[in-house]
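All chains should be built: construct the whole structure from the sequences, respecting the hints.
Keeping their order, the protein sequence lines are chains D and E.
What the first sequence shows, in my numbering, is residues 1 to 110, in sequence order.
What the second sequence shows, in my numbering, is residues 1001 to 1113, in sequence order.
Simulated from the structure, these hints should not be mistaken for lab results.
Hints are supplied without guarantee of correctness; some may be wrong.
Unchecked claim - For lysine to aspartate or glutamate, the following DMTMM-like pairs were computed, each having C-alpha atoms within a straight-line distance of at most 25 Å: (1) D:68 <-> D:15; (2) E:1057 <-> D:31; (3) D:37 <-> E:1027; (4) D:37 <-> D:15; (5) D:54 <-> D:42; (6) D:68 <-> D:42; (7) D:37 <-> E:1059; (8) E:1011 <-> D:42; (9) E:1057 <-> E:1038; (10) D:37 <-> E:1038; (11) D:37 <-> D:1; (12) D:68 <-> D:24; (13) D:37 <-> D:84; (14) D:68 <-> D:1; (15) D:5 <-> E:1079; (16) E:1053 <-> E:1072; (17) D:71 <-> D:15; (18) D:5 <-> D:58; (19) D:5 <-> D:55; (20) D:54 <-> D:24; (21) E:1057 <-> D:1; (22) D:5 <-> E:1072; (23) D:37 <-> D:58; (24) D:5 <-> E:1056; (25) E:1053 <-> E:1027; (26) E:1057 <-> E:1072; (27) D:71 <-> E:1073; (28) D:56 <-> D:42; (29) E:1053 <-> E:1014; (30) D:5 <-> E:1038; (31) E:1011 <-> E:1073; (32) E:1070 <-> E:1014; (33) D:5 <-> D:59.
Unchecked claim - These stretches of chain E come out as covered by chain D in the derived footprint (C-beta under 8 Å, 3 or more residues): (34) 1036 to 1042; (35) 1078 to 1084.
Glycine included, each C-beta is placed from N, C-alpha and C at the ideal position.
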Amino acid sequence: DQQVKQNSPSLSVQEGRISILNCDYTNSMFDYFLWYKKYPAEGPTFLISISSIKDKNEDGRFTVFLNKSAKHLSLHIVPSQPGDSAVYFCAAHTGNQFYFGTGTSLTVIP
Amino acid sequence: DAGITQSPRHKVTETGTPVTLRCHQTENHRYMYWYRQDPGHGLRLIHYSYGVKDTDKGEVSDGYSVSRSKTEDFLLTLESATSSQTSVYFCATRSGSGANVLTFGAGSRLTVL
Chain D
1 DQQVKQNSPS LSVQEGRISI LNCDYTNSMF DYFLWYKKYP AEGPTFLISI
51 SSIKDKNEDG RFTVFLNKSA KHLSLHIVPS QPGDSAVYFC AAHTGNQFYF
101 GTGTSLTVIP
Chain E
1001 DAGITQSPRH KVTETGTPVT LRCHQTENHR YMYWYRQDPG HGLRLIHYSY
1051 GVKDTDKGEV SDGYSVSRSK TEDFLLTLES ATSSQTSVYF CATRSGSGAN
1101 VLTFGAGSRL TVL
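This is the structure we're talking about:
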């Protein structure tokens, strides 16, 4: 019973275009959502987050959107760069625990 | 990265042997976590600690135990390793209950033959 789901295992995008990564969740008690980026043989690194009381948070090329009624989260990367190629995990927080999705592998094609 | 060091970084062991993974942090963070990463499953929480000697189970705690005798160290023990515990293990920390971001270590790759 995965509480956080990323239904697209992979995504390929041309350099300069928009990358949209999606995430769905089931637990209405989640109060904070995060995106992490992971390169091979490294630990995940924090990218951007959003509180459940907001619907959008922007940081440079990265924007996270939250649709609470649909229990849906998305990460937009504009413009996409080859260095963005990595695995992206969405995560959700409640209490002392953080639940992660299965990840989406993004490839940005030069 | 909150000065998180995981050891060993790589280990190969045999079924039935005990294994201990160590996570050491230098930031005096209160909370520490152990996750495992597996293809198709993402990151799953094994155990976490909310203070010295205070620990709790996560989603996949069976077959694992933890100990935290000092703020800076969080140990993950596999009492009798099985092949299903072959995985990459990540330690993470966060500074307090009001901090909603986890900072991860570089990971420990464990292979159980």
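Hint check:
1. D:68 <-> D:15: With a Cα-Cα distance of about 31 Å, the restraint between residue 68 (chain D) and residue 15 (chain D) is violated, given a limit of 25 Å.
2. E:1057 <-> D:31: The hint holds at about 20 Å.
3. D:37 <-> E:1027: holds (22 Å)
4. D:37 <-> D:15: holds (18 Å)
5. D:54 <-> D:42: violated (31 Å)
6. D:68 <-> D:42: violated (32 Å)
7. D:37 <-> E:1059: The given pair, whose Cα atoms are some 22 Å apart, holds under the 25 Å limit.
8. E:1011 <-> D:42: Holds, at roughly 16 Å.
9. E:1057 <-> E:1038: At roughly 19 Å apart (the allowed maximum being 25 Å), residue 1038 (chain E) and residue 1057 (chain E) satisfy the hint.
10. D:37 <-> E:1038: Holds - the C-alpha atoms of residue 1038 (chain E) and residue 37 (chain D) are around 16 Å apart, at most 25 Å.
11. D:37 <-> D:1: Given that 25 Å is the threshold and the Cα spacing comes to 23 Å, the pair holds.
12. D:68 <-> D:24: Judged against 25 Å, a Cα distance of about 10 Å means the pair holds.
13. D:37 <-> D:84: Status holds; Cα separation ~9 Å.
14. D:68 <-> D:1: This hinted pair holds, its Cα atoms lying about 20 Å apart.
15. D:5 <-> E:1079: violated (31 Å)
16. E:1053 <-> E:1072: This hinted pair holds, its Cα atoms lying about 12 Å apart.
17. D:71 <-> D:15: violated (29 Å)
18. D:5 <-> D:58: holds (22 Å)
19. D:5 <-> D:55: With Cα atoms ~19 Å apart, residue 5 (chain D) and residue 55 (chain D) stay inside 25 Å; holds.
20. D:54 <-> D:24: holds (16 Å)
21. E:1057 <-> D:1: holds (17 Å)
22. D:5 <-> E:1072: violated (32 Å)
23. D:37 <-> D:58: The hint holds at about 16 Å.
24. D:5 <-> E:1056: holds (24 Å)
25. E:1053 <-> E:1027: holds (18 Å)
26. E:1057 <-> E:1072: Since the Cα atoms of residue 1057 (chain E) and residue 1072 (chain E) sit roughly 19 Å apart, the hinted pair holds (cutoff 25 Å).
27. D:71 <-> E:1073: violated (36 Å)
28. D:56 <-> D:42: Since the Cα atoms of residue 56 (chain D) and residue 42 (chain D) sit roughly 28 Å apart, the hinted pair is violated (cutoff 25 Å).
29. E:1053 <-> E:1014: Violated, because 30 Å separates the two Cα atoms, which is more than 25 Å.
30. D:5 <-> E:1038: Measuring from Cα to Cα gives roughly 15 Å; hence the hint holds.
31. E:1011 <-> E:1073: Holds. Residue 1011 (chain E) to residue 1073 (chain E) sits at ~19 Å (cutoff 25 Å).
32. E:1070 <-> E:1014: Status violated; Cα separation ~29 Å.
33. D:5 <-> D:59: Holds. Residue 5 (chain D) to residue 59 (chain D) sits at ~23 Å (cutoff 25 Å).
34. 1036 to 1042: holds (count 3)
35. 1078 to 1084: Answer violated; 0 residues pass the 8 Å Cβ test.
Going through the hint list in order, the structure does not satisfy hints 1, 5, 6, 15, 17, 22, 27, 28, 29, 32 and 35.
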